[in-house]
Amino acid sequence: MRNLLYTIVLILLPNLVLAQTNSENYIKNITYKVETVNGKHKAGTTTNLDPKDVITGVTYYSGLGRPKQSIVKQAGGGKEDIITPIVYDNLGRQVKNYLPMARSNSSLNYEAQNNQFFTNLEAYYVNTFPEDLNMSSPNPYSETVFEASPLNRVLEQASPGKDWAVNSSNTIKFVYQTNAFVSGNPNNVRQFSVTHPSNNTEKTQLAFQDYYPAGQLYKTITKDENWKLNQQHEKDHTTEEFKNKQGQVILKRTYDKNKLHDTYYVYDDFGNLTYVMPPEASSQITNSGAISSTVLDELCYVYHYDHRNRLIEKKIPGKGWEFIVYDTLDRPVLTQDANLRIQNDWLFTKYDVHGRVVYTGKYHFVPPGSEQNSGRKKLQEIITAQGANNHEVRAQKTIDGVVLNHSNNIVPKDNIEIYTISYYDTYPSDITGASSGGEFNNPNSVIINGKTVQTVTNTKTLPTGNRVRVLGTEKWITTASYFDDKARPIYAVSINNYLNTLDAIIVAYDFVGNVLETKNTHKKTNQPTIITINKFSYDHAGRLLTEKQKINNTPEELITKNAYDELGQLIAKNVGGVEAAPLQVVNYTYNIRGWLKQINDVDALGADLFGFGINYNTSDYGAQKLFNGNISETVWKTKSITTIPNGSHSRVETELKRAYAYGYDALNRIKSGAYLEENTQANNRDGLYNLKGVDYDKNGNIIELSRSGSDDLGNKLLQMDALTYSYKGNQLTGVTELGNKQYGFSERTTAQTIDYVYDGNGNMIKDRNKDIYQINYNHLNLPTYIYFDFNNNGLKDSENGITYIYDATGNKLEKLVLDNNEPTRTKYAGNFIYEEKANDEELKFFSHSEGYVEPNNLGNFDYIYQYKDHLGNIRLSYKNTGSVSTKVLEIVEENNYYPFGLKHKGYNGFKSSTNIALKRKFGGKEYQDELGLGWYDVSARNYDPALGRWMNLDPLAEKMRRHSPYNYAFNNPIYFVDPDGMAPLANDCCGGWNPVSGIGDGIARAFESASNKVISFLGLDKIEPVLEASGDATLGLQAGFNIKAGAVGVDVDVNAINFELVSGQADLTDPLSPDSYTGDHIGKNGDAKFSHSIGATADVVGYPVVGGDISATYRSEGDATVDGGLYFVAPLTKTKSRSGGSNTSSMNVPNGPSSDAKTGKQDNFYGVNIGAGATLGLGLNVNLKIGINVND
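Residues -19 to -1, 1 to 1173, numbered by mature numbering (1 follows the signal peptide of the UniProt record, and there is no 0), are exactly what the sequence shown covers, in order.
FYI, nobody ran anything at the bench for these hints, they're computed from the structure.
It is possible that part of the hints are untrue.
[Stated by the list, open to error] Derived EDC-like pairs (lysine to aspartate or glutamate); straight-line CA-CA distance at most 16 Å:
| no. | residue 1 | residue 2 |
| --- | --- | --- |
| 1 | K505 | E816 |
| 2 | K529 | D546 |
| 3 | K796 | E636 |
| 4 | K620 | D601 |
| 5 | K722 | D678 |
| 6 | K709 | D278 |
Given only the sequences and the hints, what does the whole structure look like? Please build it.
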């Protein structure tokens, strides 16, 4: 009997009848993109639906109920159908996973998967990617080799392309063994245990038991795609993971030149992770198994738990002890770190009856004199004694001079300073009263996109508003949000009493939730009002097609117009000007794995101002070919002029090609970057900007680094930097410079003293090489004051310094630079940046998705556009100085960088503008060069590109414990980016086959944003990461994950979501089989791939944060559609637009979770939850859940 299943209500009309093969089992999906009445447009009930108004697909099934083919109708860039075959071997396993293929007809008929079908598919890919496939035996599929046993364990994983085919030697390989024991062998696995003195579970001691006898541990060896059979060091590019019989990871072992890099994990008798010894600590364990207290303190992670297995104390390397107090529902309500402890302060969080955060702040508590741990025990007793009285209710109350609409019934009640206030369900007077009348006063409806939209009065469960204190002041930022009948935020207003600004945004959506238009009104005292209107259009498959912007009464400007190939992959982008005459056309090419190869053609720029190329498994400049996603070479060319010194003469070059050839160690850390330059005359400039001789300790702290370079005139400096680093634990204490002290890194002190000093939270507070006398930090570990000692007399310089002002969520509001008693204030009003000198304040710029806008001398605005590389580094800025019809493009600035981000000198120094917007460079972040500071402000931390290190400890250090919490981008700054100083992420170029650019990454980052706000203080037993997928095929989500099959036997390919797989294991259960598959780290730094699974859980060691509001942000890094299931529920003061830049239409929506929203908290789930009907750009109906469960 044939089965026809529809996943949504389907009304069959003649104009929508799409043939499918009735002789086959199938499930058909139709997602309506417009609202309908009786199958016709609701707006005009006589108007029939057009095929573009729906997304239709079908998945065919075999008689065994297995999906065997999926088709998405007109999903290609030219409205081609996209068909994906699904094949099995004789044992029912998906050995080969084929890439999709486009076809021109739109019948949705099943195509017999015979020899001709696969011949056509192979021919398509051979023609599209001739360099990546063997014409005689093409492999446009990934392939899995299974063990010939009932366990079906994966032995080898191959990827599309001849260089990654089975038997190519460039596949991922797995070996399954047990541990060995040979007396005296350093490869033996140590066995540690945890003891509790006086049977007190809150105190621990680490004890070495012995070495594990042979055969007592499961051992899994993973060999990455760069591993070779006869390589010089046989164990390089391998990861060994040892688990005990309880499934706990005991040891992770990696190699560099066959040297062990061990990370040990030690558990107490209750299964709690209690000690983690990273590689540098493990290397200092003696032969007898002893580890010194100094090593434990400086290099190890230590956790203490109470009798309820709640994490109550933790010690992170380089940071003092942190304490946590819980209420009777096991929610963290008080936390204290080392810096807070000096002042007897705690951060508190209060909840409402539904468990939502209602307000947070600081609590001053002097502990009893007899208690040694800052009063944690006493506070825990007090909180526990409250029993069921553990939430606040709505009631107007004045606390510490602040009027709010929450009660103050639970501890702490006194000696508190409120930082944030969140409201749900209704609109209390302290947020509506902050509005300034007119269109900003509690609107019942809004008008946008030519339509009037009513705001709903039933706002139960919705986050209606919030207030955030400006730290160190009595000023507040107050936000109110209003919603439509689908619980989507359509209007928000935010009042900043510190900067005297008012921002209001109105949002229009289409039926499925795509943003069609935003109207952003920005007002600032004594400044003209700025109204920006952004309009978005989408193609037939829901992908972003155009973005246009209008400022006040100026003509509308094209920001971007995208074009997609037959598989939906972004191939071109028109930027700037108008649709008929864009300023630049940016073209993209990829290899068969979806990895970005080119941004424009470096060898044929034509009208393009910038071209950029990337090599991986190929080499044009002498680098070693790489196969695991690492980048072997980059090459670039700009339409700029370079003046090259040549003795007493100089010459001018245009369109000069430049390149880097990179070298890495076996742990994927960069070792060298050889600079090459196109030679048009005899004098050779190769090596002019080399990075070389980079060496690391076992935690990844840089111990040596050398650079060549040039002076400001371009004269070669063979040894610009020759740096040697000194450490105490992971903390840098000194740098010795044997190169040129004027350029690159500058060593200002040669005395045998400590150059760098840190506070109890691991923040650098003194830098003698920059004459920094002292740095003060707030409770968010953000710098508030930087004092200098330019006179070298051991005293603060009263005429020079930098002051920062933040709100309580860490947003920077103001920077005051005092330079020889001359003050300059930079004011950060969300997306609008002002500068004040001599009491004269002016708007300097505001961002759009492809660059920024600056006021001109005519009272209007100029659009500046930017080319960025694969890492988001700003390489070239330009503008049109001509007219719409006769464009004249002027290069405003050019930037090129060493690995780790130091800018090249001697060329690309030209600037046609002095706008402070040009301070945004490496990673698109603000370079702070005032008073010689030389830091990048990367939101959560500050980064020094001359040293290649952070100045502050990683807030998410526990997610990356095998790495130093101060290293940048896992020491692979060519592949990884760190967008906010919290955790490295894989760049957008190497995320896998990505027909819907940015969607997977957007969801992955939405998950990251939600999770990172939650993860900080709950115990391991309270955290359960979630990755669930079901529904029908949705093409091309491999940037963050990939759903490849149908509703039964969905394949989930977890690729870019490396932040959730940090502990190195994920247990996946196949619902079609009683067997389970446990995946290990594949690739590098936690990337993993899984198949044959619907559900997935992974061990994550991280703990939910206290004192901050739970929130989630949708940030799409690619040119992707906004999927219909993700709603803004967080203060999006700076999001990513669909083109990867800052979004001027960012929406300020209150902090806090919403049970109805698609991101944020749902019951005990934090993350992204997409229900049936979400289309994800190309897709069919999909259920997708990525996040973490917090178990009460």
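> Is it true that the CA of K620 sits at most 16 Å from the CA of D601?
Replying inline: Cα-Cα ~22 Å, so violated.
>> Need the status of pair K529, D546: alpha-carbon distance at most 16 Å?
In response: violated (22 Å)
> Hey, K505 versus E816, does the alpha-carbon distance stay inside 16 Å?
Replying inline: Roughly 13 Å separates the two Cα atoms, so the pair holds.
> Quick one, are K722 and D678 close enough, alpha carbons at most 16 Å?
Replying inline: violated (25 Å)
> Under the criterion that the straight-line Cα-Cα distance not exceed 16 Å, is the pair K709, D278 satisfied?
Replying inline: holds (11 Å)
>> So if I understand the rule, the pair passes when the alpha-carbon distance is 16 Å or less; does K796 with E636 pass?
In response: Between K796 and E636 the Cα gap is close to 38 Å, so the pair fails against 16 Å, i.e. violated.
Checked against the numbered hints listed earlier, the structure breaks hints 2, 3, 4, 5; every other hint is satisfied.
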